[in-house]
Every structure is written in C-alpha cells, then in structure tokens.
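Novice: Residues per chain are reported as follows:
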Amino acid sequence: MEGTYKIEIVSPEKIIFSDENIQQVILPSYEGEMGILKDHIPVILFLRPGIIKILKSSENVDSFFVQDGIIEFYNNNLTVLSSKIINIKNLNKESIDQLIIATEKILKNEKLSDNNRYLANHKINILQSLNYN
Amino acid sequence: MPSLDDLKKRISSVKSTQKITKAMKMVAAAKLRRAQESAERGRPFSEKMNNIILNLSNSVSDKDNVSKFLVGTGKDSVHLCVVITADRGLCGGFNTNICKKAKNYFEKILKEGKTLKIFTVGSKGHDQLNRVYGKYIVEKINFKGFKKITYKEAENIGEIIIKLFNESKFDVCKIFFNKFKNVISQIPQEQQIIPIESQKKEEIKKSDNFYEFEPEENEILNNLLPRNISTQIFKAFLENAASEQGSRMTAMDNATRNAGDLVDKLTITYNRSRQAAITKELIEIISGAESL
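Protein chains in written order, with my numbering: chain Z, 1 to 133; chain Y, 1 to 292.
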C-alpha cells in the first residue's frame, strides 16, 4: 500500500495532531474496529471509547486514547472531532486510574441505559488493557 | 478657586489613576493576544462540526424520526435566551451592547405574546437584566474565580440547556454574545441554536451527498446535536473572551488619554495660581515699601 493521505485531530480548544503522510488509521468505530486506507469512500463515523492508531509506516505508530468523537473522511482528508482525546504518550498510570474511577462512578448510576452501560464497561476494559502495557 | 495644596493632591490622584488604567490596558493587550489565538484555534472544530451536521441533515432519509434539536418542537411559543456576558466591568460598552441587543429581542418576544425565559451567563449581564427582566430569569451562572474558561464549562451549560429542552421547558433557544471583529469593533450577535438554523443548506452541492454512515444517520444526529450545542456555546465563549479584552483595551486607552488631558489642564491651573500668589505677594511688598 503506497498511498498516503491527510489526518487532522481537532479538539474544541485547538488542533491536536495533523499530518499529511498517513498510510492507515485504525479507529474504534461504533460497530467495531475499522481501518481506513487511501481512497476509502466518504464516511461519517461515530466513535466509541478506544484507541486510534495512526500508522505513518509499519514501524512509525502514534496512538490516541479517545472517549468519544466523530470522524469524517472525505476526499482523502480524515478529520477527527473529539472533546476527550489524549495522546497515549501523555497517559500515565495515575491518569488512567482516575479515568477508571470516574467511569465506575457512572456505572453506579442505576438509571443508566443499557447502551451507555455497555460503553462504560467497554471503556474500563480498554483502560485496564492500557494499564498492563 | 481651590488652594494650591488641593490642586497638587488632585494632580497626583489623577496621575495614579492614569497609572492604573495604563497598566490595565497593558494587561488587556497581553490577554487579548492569547484570547485571540485561542479563538482562532477553536474555529476549526465548530466549523467542521457544522459541516458534518449539514451533511448529515441533508442525507437523513427518515424525516419523521429526526431529532428535535434539528427541526424543533413544531411550536414557537416559549423562547429561551442565553445571554453571555463578562464577569468584570471596566470594559467599555461590552456588556451593555450585549444586553441592549438582548433587550430589543425580549421586547419583540413579549410584544408577540410569547413566553420569555432568560438564562444569564456571567454576572454583569445578570446585574443589568435583573432590574427590568428579573422575573423572567430562570437560570444564572457565573465564572467568578475561574482563571480560564474551558470546554468543560461550556459543556455544563450545554447540559443545563439540553435538560430544559428535554423537559419541554422551551421551544426555541437563542444565544447572545459579542463577535470579535477587531480590537476596536465587537459586534453583538444573536444566534439560534435550537432548532438549528438551516440557512447554509443550499450551499452544499448535491454531489457531496454520498457519505456512508456508521451507525445510522439518525443515531449519529441524536448523539451529535446535543454536543453541537456545547460547541456553539464554547465558540461564543471564545469570541466573547477576545471581545472583552479588546473592548477593555480600547476603553482603558481612552481613559489613559483622558487622564493625561486632565493632568495637563490641572497643571496649567496650578501654575497660574502659583504665579498669581507670587505676584500678589510682590505687590504687597512693593506697596508696603512705597508707603514708608
């Protein structure tokens, strides 16, 4: 796979990450993981908690932990809009634990809908798997 | 005629006021640069969000089940107005301009016999509106003691609005804020956030409508539209912050200049009266010597 395309990760406060030579991006889409290569058809995706992997080449990987967000891919431009996104390099054990505790608090709410409960459980799983790495 | 001593005190007090306004101008200028930068950095997010929503709403196939945030409740009887102002004064007409704009709108709504509800963000706006429209204010919030307003605060306000909307407490929601044009001019704006204004819809060409969605359009919209409210409010915050500092800078610049003029005037009066006193004493001495 030779083709590369452009990615932009945007938070409400600033542009977090931007690169023009991306080979592949793996996204935690709402219905499962999904890889996007060059010349993918235009999509709009909703994200669930998970890890966005950005592959510049097979060795050069940037990872972001995302809590929610929306993706638009159009004309070989990938835009990630998320208010809760962190580069994994900036995550340490403490901040992960804090996120887990916050999520567990949400789980304790009895009125939580099944859908949200599933998402929260999923988030904890992802965070715990990060902790072991 | 004030005495020499009084004049001296006056001059020194005006001078120290001038020092304060000059310092405030400098601080505002520094803050303005930062606020302007963050307003510019925040723009891509809200623009792209808008784009996605427009694309989505254009391609929704199931028009009946579409989210109420997009099409409204079908009624137009209760208006919620979110008036976003600053927590501090001494910034020229900044707060007054927003309130004036909002008051015009309030009068229009009340004249048409609709119900008005007001949500004030920032203490200055609350103080100004409380006098006349106090009974309409349903929510108030201010950020006194906050160093920097982040997305989280905007999200909190968004949640309050969404909660009120889900309880069908209002049909239409508008926000009032100042748009930052440049340092000298800030334009008070009103923007409708529920239901979303669809003025730009025509701009999107039909050929753009071939997106694939996951999950379905309606589900994305239901998730996205409440978020968009927070985004729009955050955008208003950023514009407001830049406008506030810009407005304060101009106001303080004017104040410094006025203080300078006043000092000049007072100094002339001081010198004249000192000279008059000296002349008076000389005349007394001379006439005293002559009479001997």
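The set of hints was computed from the structure by calculation and includes no laboratory data.
Only a predicted model underlies this, so the values are computations on that prediction, with no experimental measurement involved.
Check before you lean on any hint, since a few could be wrong.
To give an idea of the interface, some chain Z residues facing chain Y are shown, with a C-beta separation under 8 Å as derived from the structure [said to hold, decoys possible]:
hint	residue
1	K14
2	I16
3	Y30
4	P42
5	L45
6	E59
7	V61
8	D62
9	A102
In silico DSS-like pairs for lysine-lysine, Cα to Cα no more than 27 Å straight-line [unchecked claim]:
hint	chain 1	residue 1	chain 2	residue 2
10	Z	K111	Y	K163
11	Z	K105	Y	K181
12	Z	K108	Y	K163
13	Z	K111	Y	K101
14	Z	K14	Y	K181
15	Z	K111	Y	K169
16	Z	K84	Y	K75
17	Z	K84	Y	K144
18	Z	K108	Y	K144
19	Y	K144	Z	K6
20	Z	K14	Y	K147
21	Z	K111	Y	K152
22	Y	K144	Z	K14
23	Y	K48	Z	K111
24	Y	K48	Z	K53
25	Y	K152	Z	K89
26	Y	K68	Z	K84
27	Y	K31	Z	K105
28	Y	K22	Z	K84
29	Z	K84	Y	K25
30	Y	K174	Z	K14
31	Y	K68	Z	K93
32	Y	K148	Z	K53
33	Y	K19	Z	K84
34	Y	K169	Z	K14
35	Z	K56	Y	K148
36	Y	K48	Z	K6
37	Z	K89	Y	K169
38	Y	K265	Z	K84
Every residue, glycine too, gets a C-beta built ideally from N, C-alpha and C.
Novice: All hints, please: hold or fail.
Specialist: Hint check results:
Taken as an interface hint, Z:K14 checks out: its beta carbon lies about 4 Å from the nearest beta carbon of chain Y, inside 8 Å. Annotation: Z:I16 was flagged as interfacial toward chain Y, and the flag is violated, the nearest CB pair being 10 Å apart, outside 8 Å. The restraint placing Z:Y30 at the interface with chain Y holds, with a minimum CB-CB distance near 5 Å, inside the 8 Å limit. Given hint, Z:P42 at the interface with chain Y, holds; its Cβ is 5 Å from that chain's nearest Cβ, closer than 8 Å.
Using the Cβ-Cβ criterion of 8 Å, the hint placing Z:L45 at the interface with chain Y is satisfied: the shortest such distance is roughly 5 Å. A distance limit of 8 Å between C-beta atoms decides the matter here; for Z:E59 the minimum to chain Y is near 29 Å, and the interface restraint is violated. For Z:V61, the shortest C-beta to C-beta distance to chain Y is roughly 24 Å, which exceeds 8 Å, and the interface hint is violated. Evaluation of the Z:D62 hint against chain Y yields a violated restraint, the C-beta minimum of about 19 Å exceeding 8 Å.
Residue-level restraint check for Z:A102 is violated (minimum Cβ-Cβ distance to chain Y is 13 Å; threshold 8 Å). A C-alpha spacing of about 16 Å is found between Z:K111 and Y:K163, which places the hinted pair at or below 27 Å, so the restraint holds. Pair hint Z:K105 plus Y:K181 does not hold up; C-alpha atoms about 43 Å apart against a cutoff of 27 Å. For the hint pairing Z:K108 with Y:K163, the CA-to-CA distance comes to about 21 Å; that is within 27 Å, so the pair holds.
Proximity of Z:K111 to Y:K101 is assessed by CA-CA distance (about 41 Å); at most 27 Å being required, the pair is judged violated. Restraint check: the Cα-Cα separation between Z:K14 and Y:K181 comes to about 20 Å, which is no more than 27 Å; the hinted pair holds. For a cut-off of 27 Å, the pair hint linking Z:K111 to Y:K169 stands: about 22 Å separates their Cα positions. A threshold of 27 Å between alpha carbons decides the hint, and for Z:K84 with Y:K75 the separation of about 35 Å lies outside it, so the pair is violated.
A threshold of 27 Å between alpha carbons decides the hint, and for Z:K84 with Y:K144 the separation of about 25 Å falls inside it, so the pair holds. Between Z:K108 and Y:K144 the CA atoms are separated by roughly 32 Å; this puts the pair beyond 27 Å, and the hint is violated. With a CA separation close to 41 Å, the supplied pair Y:K144 and Z:K6 exceeds the 27 Å bound. Proposed proximity of Z:K14 and Y:K147 is supported: the alpha carbons are some 18 Å apart, at most 27 Å.
For the proposed pair Z:K111 and Y:K152, the alpha carbon gap of about 23 Å is at most 27 Å, so the pair holds. Taken as a hint, the Y:K144 and Z:K14 pair is honoured in the structure, with Cα atoms around 24 Å apart against an allowance of 27 Å. In summary, the hint linking Y:K48 to Z:K111 is not supported, as the alpha carbons are separated by about 33 Å, beyond the 27 Å threshold. For a cut-off of 27 Å, the pair hint linking Y:K48 to Z:K53 stands: about 22 Å separates their Cα positions.
The straight-line distance between the Cα atoms of Y:K152 and Z:K89 is roughly 23 Å, inside the 27 Å bound, and the hint therefore holds. At most 27 Å may separate the alpha-carbon atoms for a hinted pair to count; Y:K68 and Z:K84 meet this at roughly 25 Å. Pair hint Y:K31 plus Z:K105 does not hold up; C-alpha atoms about 37 Å apart against a cutoff of 27 Å. Under the criterion of a C-alpha separation no larger than 27 Å, the hint pairing Y:K22 with Z:K84 is inconsistent with the structure, at around 40 Å.
Taking the CA atoms of Z:K84 and Y:K25, the gap is near 36 Å; set against the 27 Å cutoff, the hint is violated. With a C-alpha separation of about 25 Å, the suggested pairing of Y:K174 with Z:K14 holds against the 27 Å cut-off. Proposed proximity of Y:K68 and Z:K93 is contradicted: the alpha carbons are some 41 Å apart, above 27 Å. Restraint check: the Cα-Cα separation between Y:K148 and Z:K53 comes to about 31 Å, which exceeds 27 Å; the hinted pair is violated.
At roughly 44 Å between alpha-carbon atoms, Y:K19 and Z:K84 are farther apart than 27 Å, so this suggested pair is violated. Note on Y:K169 and Z:K14: the hinted pairing is violated, with a Cα-Cα distance of about 34 Å set against a maximum of 27 Å. Between the alpha carbons of Z:K56 and Y:K148 the distance comes to roughly 35 Å, so the proposed pair goes past 27 Å and is violated. In summary, the hint linking Y:K48 to Z:K6 is supported, as the alpha carbons are separated by about 15 Å, within the 27 Å threshold.
Taking the CA atoms of Z:K89 and Y:K169, the gap is near 45 Å; set against the 27 Å cutoff, the hint is violated. The straight-line distance between the Cα atoms of Y:K265 and Z:K84 is roughly 58 Å, outside the 27 Å bound, and the hint therefore fails.
Checked against the numbered hints above, the structure violates hints 2, 6, 7, 8, 9, 11, 13, 16, 18, 19, 23, 27, 28, 29, 31, 32, 33, 34, 35, 37, 38; every other hint is satisfied.
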